[in-house]
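*Asks:* In order, the protein sequence lines correspond to chains A and B.
Oh and the first sequence: position 245 is 245 in the working numbering, straight run, nothing missing.
All you need for the working numbering is the position in the second sequence, starting with 1, plus 531.
Please keep in mind that the hints were generated in silico from the structure rather than gathered at the bench.
Note that the structure is predicted; figures quoted are calculated from it, not measured.
It cannot be assumed that every hint is accurate.
Here are a few chain A residues that sit away from chain B, every Cβ distance over 10 Å (derived from the structure) [to be verified]:
#1 21
#2 140
#3 146
#4 186
#5 220
#6 236
#7 299
#8 446
#9 488
Label-pair restraints from in silico Cβ distances [said to hold, decoys possible]:
#10 B:557 to A:492: 31 to 37 Å
#11 B:572 to A:311: 21 to 27 Å
#12 B:574 to A:476: 16 to 22 Å
#13 A:531 to B:558: 15 to 21 Å
#14 B:557 to A:333: 20 to 26 Å
#15 B:562 to A:362: 21 to 27 Å
#16 B:562 to A:122: 33 to 39 Å
For glycine and all other residues, C-beta sits at the position ideal for the given N, C-alpha and C.
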Amino acid sequence: MSATQTHGHAADHHDDHGPAKGITRWLTTTNHKDIGTMYLVFSLVMFLIGGAMALVIRAELFVPGMQLVDPGFFNTMTTVHALIMVFGAVMPATVGLANWMIPLQIGAPDMALPRMNNFSFWLLVAAFSLLILSLFMPGGGPASGWTLYPPLVLQTGDALPLAIFAIHLAGASSIMGAINIIVTIMNLRAPGMTLLKMPLFPWTWLITAYLLIAVMPVFAGAVTMLLTDHFFGTTFFAAAGGGDPVLYQHIFWFFGHPEVYIMILPAFGIVSEIIPTFSRKPLFGYDAMVYATASIAFLSFIVWAHHMFTVGMPLAGEMFFMLSTMLIAVPTGVKVFNWTATMWKGSLTFETPMLFALAFLFLFTIGGFSGLMMAIAPVDFQYHDTYFIVAHFHYVLVPGAVFAIMAAVYYWMPKWTGHMYDVKLANIHFWMSAIFVNVLFFPQHFLGLAGMPRRIPDYSTQFADWNMVSSIGAFGFGLSQLLFVYIIWKCAKGGQKVSAEVWDGARVHGLEWTVPSPAPYHTFDEAPVVK
Amino acid sequence: MNEPGLKQGPTDEQRRRIRRNAVVLGLLALGIYVAFIASGVLGLRG
Numbered sequence: 001m002s003a004t005q006t007h008g009h010a011a012d013h014h015d016d017h018g019p020a021k022g023i024t025r026w027l028t029t030t031n032h033k034d035i036g037t038m039y040l041v042f043s044l045v046m047f048l049i050g051g052a053m054a055l056v057i058r059a060e061l062f063v064p065g066m067q068l069v070d071p072g073f074f075n076t077m078t079t080v081h082a083l084i085m086v087f088g089a090v091m092p093a094t095v096g097l098a099n100w101m102i103p104l105q106i107g108a109p110d111m112a113l114p115r116m117n118n119f120s121f122w123l124l125v126a127a128f129s130l131l132i133l134s135l136f137m138p139g140g141g142p143a144s145g146w147t148l149y150p151p152l153v154l155q156t157g158d159a160l161p162l163a164i165f166a167i168h169l170a171g172a173s174s175i176m177g178a179i180n181i182i183v184t185i186m187n188l189r190a191p192g193m194t195l196l197k198m199p200l201f202p203w204t205w206l207i208t209a210y211l212l213i214a215v216m217p218v219f220a221g222a223v224t225m226l227l228t229d230h231f232f233g234t235t236f237f238a239a240a241g242g243g244d245p246v247l248y249q250h251i252f253w254f255f256g257h258p259e260v261y262i263m264i265l266p267a268f269g270i271v272s273e274i275i276p277t278f279s280r281k282p283l284f285g286y287d288a289m290v291y292a293t294a295s296i297a298f299l300s301f302i303v304w305a306h307h308m309f310t311v312g313m314p315l316a317g318e319m320f321f322m323l324s325t326m327l328i329a330v331p332t333g334v335k336v337f338n339w340t341a342t343m344w345k346g347s348l349t350f351e352t353p354m355l356f357a358l359a360f361l362f363l364f365t366i367g368g369f370s371g372l373m374m375a376i377a378p379v380d381f382q383y384h385d386t387y388f389i390v391a392h393f394h395y396v397l398v399p400g401a402v403f404a405i406m407a408a409v410y411y412w413m414p415k416w417t418g419h420m421y422d423v424k425l426a427n428i429h430f431w432m433s434a435i436f437v438n439v440l441f442f443p444q445h446f447l448g449l450a451g452m453p454r455r456i457p458d459y460s461t462q463f464a465d466w467n468m469v470s471s472i473g474a475f476g477f478g479l480s481q482l483l484f485v486y487i488i489w490k491c492a493k494g495g496q497k498v499s500a501e502v503w504d505g506a507r508v509h510g511l512e513w514t515v516p517s518p519a520p521y522h523t524f525d526e527a528p529v530v531k
Numbered sequence: 532m533n534e535p536g537l538k539q540g541p542t543d544e545q546r547r548r549i550r551r552n553a554v555v556l557g558l559l560a561l562g563i564y565v566a567f568i569a570s571g572v573l574g575l576r577g
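With these hints in hand, go ahead and build the complete structure from the sequences.
*Replies:* Below, the structure is given as structure tokens:
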């Protein structure tokens with residue numbers, strides 16, 4: 001973005017119009033900053049619950065043999081851990097960041113549909129309350145893996161309709177959130193803020209929101225059909241009645257692959273904000289970054305069957321899905337190149353957000369490369385359903401999406417709270433997270449290549465050593481995140497006051513750095529002018 | 532925008548566009564949902 005100028009910023013005029021007091025503020029608020037905060041807190045709670053479930057899994061796998069939980073509960077943990085992390089932690093975190101930052105970045109006074117914004121948030125709370133309650137239903141929680149493949153998922157007990165209802169509610173919440181983001185960006189940008197002047201974070205979210213609207217209804221359709229198969233005698237996915245269980249896999253992955261990009265595109269946007277700030281340079285190849293994001297989103301619709309090479313498909317189909325998947329490496333490579341080129345000859349400093357962004361750059365790329373390996377159809381037959389897959393997608397989602405979210409929290413938290421976080425503790429948090437995440441997930445590549453299947457509570461003794469290392473990494477990573485919670489709490493309570501700009505030279509990178517810190521309850525009630 | 536204290540919300544024209552855009556996107560999502568279930572029904576009949 002070129003130089004920006006605000007005039008008539010009227011934040012100070014509204015000191016007498018603060019938020020409502022008490023619980024009413026949070027139940028009825030239509031303020032984008034309040035709703036953003038609620039999404040972020042909700043996501044943190046879900047991150048801790050989903051993380052605790054991951055620790056149950058890793059504790060069971062610490063040594064061979066059955067130790068702590070029965071196999072049914074282990075399967076429930078793998079299933080609900082994934083559902084919570086995908087739909088309850090990562091997605092709401094990026095929606096929370098969008099709520100907080102998009103209006104500030106595009107110069108809008110709020111989201112375009114504020115009441116719907118409140119409703120989407122509380123719908124999400126209802127959805128995850130139901131999902132967690134489903135663990136206590138007779139027969140236990142859903143245990144078929146987050147993909148909910150039939151016919152296995154149809155053996156779930158009373159938890160099935162509850163889990164499916166929860167998924168519908170979470171999906172409705174996501175779609176409403178996506179609509180809100182699109183109409184906000186398309187209608188409420190400040191004068192002069194053309195689409196190609198918009199920062200990368202709103203850009204990546206605009207594209208993500210279209211992806212959400214396109215694929216969440218597909219998943220909702222799939223689980224509705226599961227419901228009718230289970231309760232109303234239809235046979236969409238039952239071979240005995242003329243249906244096809246593989247049809248479910250096609251529908252699921254038509255949703256599931258774009259879902260991966262729904263989680264990672266906002267992360268790309270975050271990193272594209274942070275690297276230029278701490279390189280003290282504009283983003284290299286801005287237009288190319290926008291087009292690369294759009295290309296990745298488009299390609300995400302035509303690669304779904306690479307998740308199911310082993311079900312058997314015509315050679316031409318395998319070739320198509322193999323090559324289209326490999327094609328995604330091109331726009332992704334453009335992004336990695338541009339981030340690197342942004343840093344080239346920059347005046348680099350390594351504040352905590354930059355450390356997380358750099359770790360993202362290295363570690364997400366490892367996840368990308370292992371993804372490229374799995375795109376090769378004949379090779380995928382070896383990797384399929386092994387821990388290599390688990391290692392791959394965790395590299396994409398943890399040091400990828402989650403590290404980007406942590407980077408965003410450190411980057412924008414001083415703007416939210418008006419205080420600088422505890423830098424020393426934050427750097428300790430970074431190094432502990434960066435070390436333990438590799439101890440946790442890197443050995444899983446070796447386990448997968450050696451043939452250890454995923455989603456098993458017990459394993460052959462040949463896999464013992466690396467499983468123990470991985471579990472140690474998991475507990476270290478889990479412990480590091482308690483430090484993260486403490487840092488956030490401490491920063492919210494107080495700390496060194498920060499200026500509006502927060503980061504040296506940040507003002508040129510976006511409108512959010514032109515408003516005071518903490519950002520006033522109402523911002524841009526008079527539109528800024530962008531030059 | 533509904534909060535007290537804002538000097539001005541969107542203009543009437545912006546409000547109309549916001550409403551129209553939101554309805555179109557909502558219908559699009561609903562259409563995709565119905566279309567996928569309908570394709571499943573047609574697949575079963577075929």
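*Asks:* Run every hint past the structure and note whether it holds.
*Replies:* So, going through the hints one by one against the coordinates:
Here residue 21 (chain A) stays apart from chain B, with its beta-carbon at least about 14 Å from theirs, past the 10 Å limit. For residue 140 (chain A), the non-interface assignment is confirmed: its Cβ lies about 28 Å from the closest Cβ of chain B, beyond the 10 Å cut-off. Interface exclusion of residue 146 (chain A) from chain B stands, the closest Cβ pair being 19 Å apart, more than 10 Å. Annotated as non-interface, residue 186 (chain A) brings its C-beta within 10 Å of a C-beta of chain B; the closest such distance is 6 Å.
Residue-level check failed: residue 220 (chain A) sits 5 Å from the nearest beta carbon of chain B, not beyond 10 Å. Not every CB of chain B is more than 10 Å from the CB of residue 236 (chain A) (nearest about 5 Å), against its label as outside the interface. Distance check on residue 299 (chain A): its Cβ is at least 19 Å (rounded) from any Cβ of chain B, clearing the 10 Å threshold; non-interface status holds. At roughly 40 Å from the closest C-beta of chain B, the C-beta of residue 446 (chain A) stays outside 10 Å, upholding its exclusion from the interface.
The beta carbon of residue 488 (chain A) is kept farther than 10 Å from every beta carbon of chain B, the shortest such distance being approximately 25 Å. Checked against the given bound of 31 to 37 Å, the beta carbons of residue 557 (chain B) and residue 492 (chain A), roughly 35 Å apart, stay inside it. Distance hint check for residue 572 (chain B) and residue 311 (chain A): the Cβ-Cβ separation is about 23 Å, which falls inside the suggested range of 21 to 27 Å. Roughly 49 Å separates the CB atoms of residue 574 (chain B) and residue 476 (chain A), a value that falls outside the hinted 16 to 22 Å.
At about 38 Å, the beta-carbon gap between residue 531 (chain A) and residue 558 (chain B) misses the expected band of 15 to 21 Å. The hint said 20 to 26 Å for the Cβ distance between residue 557 (chain B) and residue 333 (chain A), and at roughly 36 Å that hint is violated. For residue 562 (chain B) paired with residue 362 (chain A), a C-beta distance near 42 Å fails the hint of 21 to 27 Å. The beta-carbon spacing between residue 562 (chain B) and residue 122 (chain A), approximately 26 Å, falls outside the hinted interval of 33 to 39 Å.
Checked against the numbered hints given earlier, the structure breaks hints 4, 5, 6, 12, 13, 14, 15, 16 and satisfies all the rest.
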